[in-house]
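K.L.:
So the protein lines, in turn, are chains A and B.
First residue of the first sequence: 13, per this note's numbering; consecutive thereafter.
First residue of the second sequence: -10, per this note's numbering; consecutive thereafter.
One or more hints might be untrue.
What the hints assert, rightly or not - If the Cβ cut is set under 8 Å, some of the chain B residues that face chain A in the computed set are:
#1 Arg164
#2 Ile165
#3 Glu174
#4 Leu179
#5 His182
#6 Val183
Unchecked claim - Computed beta-carbon distance windows for the label pairs:
#7 B:Leu157 x A:Gly120: 30 to 40 Å
#8 A:Thr124 x B:Ala89: 32 to 42 Å
#9 B:Phe51 x A:Ala117: 47 to 57 Å
#10 B:Leu151 x A:Glu118: 32 to 42 Å
#11 B:Leu93 x A:Gly120: 44 to 54 Å
#12 A:Gly50 x B:Arg27: 21 to 31 Å
#13 B:Arg27 x A:Tyr145: 22 to 32 Å
#14 A:Gly120 x B:Gly56: 48 to 58 Å
#15 B:Ala89 x A:Ile179: 42 to 52 Å
#16 B:Arg82 x A:Glu118: 24 to 34 Å
#17 B:Val273 x A:Gly148: 29 to 39 Å
#18 A:Glu118 x B:Glu174: 48 to 58 Å
#19 A:Arg141 x B:Leu157: 12 to 22 Å
No lab work stands behind these hints, which were simulated from the structure alone.
Backbone N, C-alpha and C define an ideal beta-carbon position, used for all residues, glycine too.
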Amino acid sequence: MILEVRDLYTAYGLSQVLFGVSLSIGQGEVVSVLGRNGVGKTTTLRSIMGLARPSAGSIRWKGRETVGLAPYEISRLGIGLVPEERRIFADLTVWENLDVARRPAERGEGWTVERVSDLFPALRDLRNRRGGYLSGGEQQMLTIARTLMGNPDLLLLDEPSEGLAPIVVEQLKEQMLRLRGEGIAILLCEQRIQFSLGLSSRAYILEKGRVCYQGTLEELEANEEIGRTYLAV
Amino acid sequence: MLLPDLSFLVIQFLSGLTTAMFLFLIASGLSLIFGVLRVLNFAHGSLYMLGAYLAYGLVAWFATAPGKFWVAVLGASIGVALIGGIVERTLLRRLYGREAVYQLLFTYALVLIISDVAKLLWGTGQLSVSRPPILGGSVSLFDQVFPRYNIFVIILGPAIALLFWFVLHRTRAGRIIRAAALDREMLGVLGVHVDRLYTAVFMIGAWLAGLGGALVTPVVTIVPGMDVEVIVNAFIVVVIGGLGSFWGALLGALALGQVMSFGILILPRFSLVFVYVLMAVVLVMRPWGLLGKPLRG
Ligand SMILES: Nc1ncnc2c1ncn2[C@@H]1O[C@H](COP(=O)(O)OP(=O)(O)OP(=O)(O)O)[C@@H](O)[C@H]1O
Ligand SMILES: [Mg+2]
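So here's chain B without its partners, still in its complex pose (with noise of 0.2 Å):
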């Protein structure tokens, strides 16, 4: 094999760190969700499609408007996490404080739901939107050439990570959730109506899972199945970071798109391998992840 050059090696880095934005959009929901609800949701790849698809349609809807893209990725992300808030208050309530297999039946109903409904409003085949004019073309880095679009991913990651450690940190809301993390009956205890508080993390967690499905289009192909690739992916992340940490999500976001990206140059029909090696050893390293803590009774 033949050592890659330098530059080569910067743009893979690259776009493994694109992935790992996605990844880090889609997992710190499905972590934010898990704990604090103490339910962990199936459904959260298919949240993700939703916000794919609703982005197309919306696209489409606003064909001759300027900034459309925007205003998709804005509506889309809204309309998923109203659509969280829904499925929160009517159905998924019922089965706090149920066994887990309850909820996991649940949500893995949902998963099945929402892929028909998705395909009989947007069919089977393959969709794409295009990137926003203001972030089409490539810019050249050490005589190769990076797409625009992507480095705005890269940049927006970290910034949607500093706004929710902010908020969760900085904020009395965020205390709150915390707190509702550690212990729920004695916040309610409190004087906290914590079954509100658990919609508004529910429609949190969705909102950044339509955001990514939303962000995601210009850069792949919208078609069923989407909804399990990256649920699949988000639960690695969670295993290798540790569910329920926020700084894990990220940090097995940023392993997990590195791993994809330079696996492929490594066997390139089974880069899935490494994915699947880099899991096996946190599990039994630390079985609860990196950041995770083990779980108490």
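For reference, chain A alone in the conformation it holds in the complex (with noise of 0.2 Å):
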């Protein structure tokens, strides 16, 4: 496993919103944490990133404990977040935000411009646009892009899926499949299986900040308890 995160509680303030989470990964495996709005997904993603500080719980990343470190910290050692909001530079052409998130492989090719034009060959012909200016499906495949730059060994994505066309969700979970394939492990979160379905081995259910059931995708695909009480449809 190179992430291992146990018992986790996290809050914002006197609101607790973790109540001993606990997961893991192993090396290039895509895993799904599922629950619907408002359960914890964010927030765990955040702990992992060090964007919020756990009360209690640790998190081992390739053996090594990362509660109390910054987020570039963890950045550099290789996890890469992409965030639900998408957050990018609106200023900053396309190009540029890929940029500024460049960081060198510490062995291999690594990722550039040129190679996640590859991945999103869409990003191509948008490199002088604005931040800004790109739509809903162009911004998810920029944020994405944006942090693979940074050679991350495992990507946290939140939500990637939400808000886009189901057109433009198909040829991303391609995107991804072909991510995948590269052998970076992936830490998906969903409100919905749809996406996961084909994508991941496992997943996770969340429900107010515990896991709730944990299983392989078949299984949770067959038991339509399970989804109809936990997951958004």
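Bring the two chains, given one by one in their own frames, into a single complex with the hints.
P.N.:
Following this line, the structure appears as structure tokens:
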């Protein structure tokens, strides 16, 4: 396991959001964290990234404890977050957004503007467009591409399909499959199961800040009861 | 009122331009620091004054050396940048994320401290620095004379503006600074050590202020109180141009320089009236400044 999260408790001020979340991811594995609105998916990712400080629990990345490290340090250790709100630098062009996030790979050839444009061909024609003028789908591709520029070994993807047209979602899924083929591990948060099907092997279901179910996607798909109770449709 | 002849107007325009270049140096740093750190640095005028006093001190120190003025300008501006860096790292840093009023109080306290330290070190008298020999004397323009040093300042201003633009838009460091102004947290998530970047940006802003203060020494007398005078003018510039906007600082400085220069001709004793009228008009029509952007939430 390259990432092991154990008994994570995170609160925003006085409101406790995570009540002992545990999960793990192996090298190159794609794992889903599913759950409805407000169950704590984003908070889990923010805790892993160092953006929210857990009050208890541990996060071990490649065997090393990362609780207490700053986001930039965690990023440099090889974890990349793709935030739900996408957070493109609106006044910077597409190319500038990518350039700002560039960090040489520790080994291998690493991602370049050229290579992320092969993965997301739409970005090539938009190089000089400002981030603020992109469509939702284009922004989603750019925010993933931008995080890839830092050569992470693990990608934390927060609801990438949110707000996108079905055809764009299909295309995005194709691209994520290609990314999986590159051997990069992905922790994927979604409210619905559809995007995860065929992409991830295992899933955790969150409910009110706790993991209430875990299993393979096949098991989950077969178990309609669980889907109805805990997931959005 | 007699209509002044054309050559006189040209000279007046040029002296307005000279004023504008000093205003630009200080306002651009103020604007840069606000744009990235979101701190309104009241002490920016004090850094400018420090630049002037340090330049005076260095010129006196290197009394006999050739090129002492240039050494002093370089040394003073770098000195102010270092002081700025130390202040940011050790003190200002603790106030990020607090309410803006703490930062205002802190930078205002700095104004008082720097003002007293300057009085302690250099006294309260009027000090002056003579122009570097190479730029001494005047040139004649349309039957009028204009100091050669001022021409140098008028050329240097746009050169620094261009350099500034080039760094912000054509280098990776500049792109990162622009990204930091937009979303600091996201930049950290992408692996940038934003704390260090903030120190660097504060030092660049302080350097510009120190440079302005050092370069102004042959043109004005150095006195306590120049800090407050210049910060008031710099605030007017950024209110007109738009706080946080680079081109806004340039435009605001050009506008204020001319209004000050020609205002004196029309109403010699009340020339400030024109400055306030200009500011009021801009505030009514575009409260966020000519080239600024309405503040997002
Ligand atoms: N900055 C914050 N301050 C206070 N409460 C917060 C903050 N962010 C989130 N919360 C609360 O924490 C809970 C979990 O939020 P979180 O964003 O982790 O959920 P989520 O599973 O990502 O939901 P969604 O699917 O809507 O994105 C919610 O009740 C939310 O209101
Ligand atoms: Mg969320």
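K.L.:
Any CB of chain A closer than 8 Å to the CB of Val183 (chain B)?
P.N.:
Result: holds, 7 Å to nearest chain A Cβ.
K.L.:
Evaluate the given range 30 to 40 Å for the C-beta pair formed by Leu157 (chain B) and Gly120 (chain A).
P.N.:
holds, 33 Å
K.L.:
Should the hint that His182 (chain B) touches chain A count as held when the rule is a Cβ pair under 8 Å?
P.N.:
holds, 5 Å
K.L.:
Is it true that Arg141 (chain A) and Leu157 (chain B) lie within 12 to 22 Å of each other by Cβ?
P.N.:
holds, 19 Å
K.L.:
Measuring from the C-beta of Leu179 (chain B) to each C-beta in chain A, is the shortest one below 8 Å?
P.N.:
holds, 4 Å
K.L.:
Between Leu93 (chain B) and Gly120 (chain A), does the beta-carbon spacing fit 44 to 54 Å?
P.N.:
Roughly 49 Å apart at Cβ, these two residues keep to the hinted range, so it holds.
K.L.:
Is 47 to 57 Å a correct range for the gap between the Cβ atoms of Phe51 (chain B) and Ala117 (chain A)?
P.N.:
holds, 50 Å
K.L.:
Determine whether the Cβ-Cβ distance between Gly50 (chain A) and Arg27 (chain B) falls within the hinted range of 21 to 31 Å.
P.N.:
holds, 30 Å
K.L.:
Take the shortest C-beta to C-beta distance between Arg164 (chain B) and chain A; is it under 8 Å?
P.N.:
Holds - the Cβ of Arg164 (chain B) comes within 8 Å of chain A, reaching about 5 Å at its closest.
K.L.:
Measuring from beta carbon to beta carbon, are Arg27 (chain B) and Tyr145 (chain A) in 22 to 32 Å?
P.N.:
holds, 25 Å
K.L.:
Mind checking the CB of Ile165 (chain B) against every CB in chain A and telling me if the closest is under 8 Å?
P.N.:
Holds, about 5 Å.
K.L.:
Okay, Thr124 (chain A) versus Ala89 (chain B) on CB: inside 32 to 42 Å?
P.N.:
Because 41 Å falls inside the window, the suggested range holds.
Consistency note: the structure conflicts with earlier hint 18 alone.
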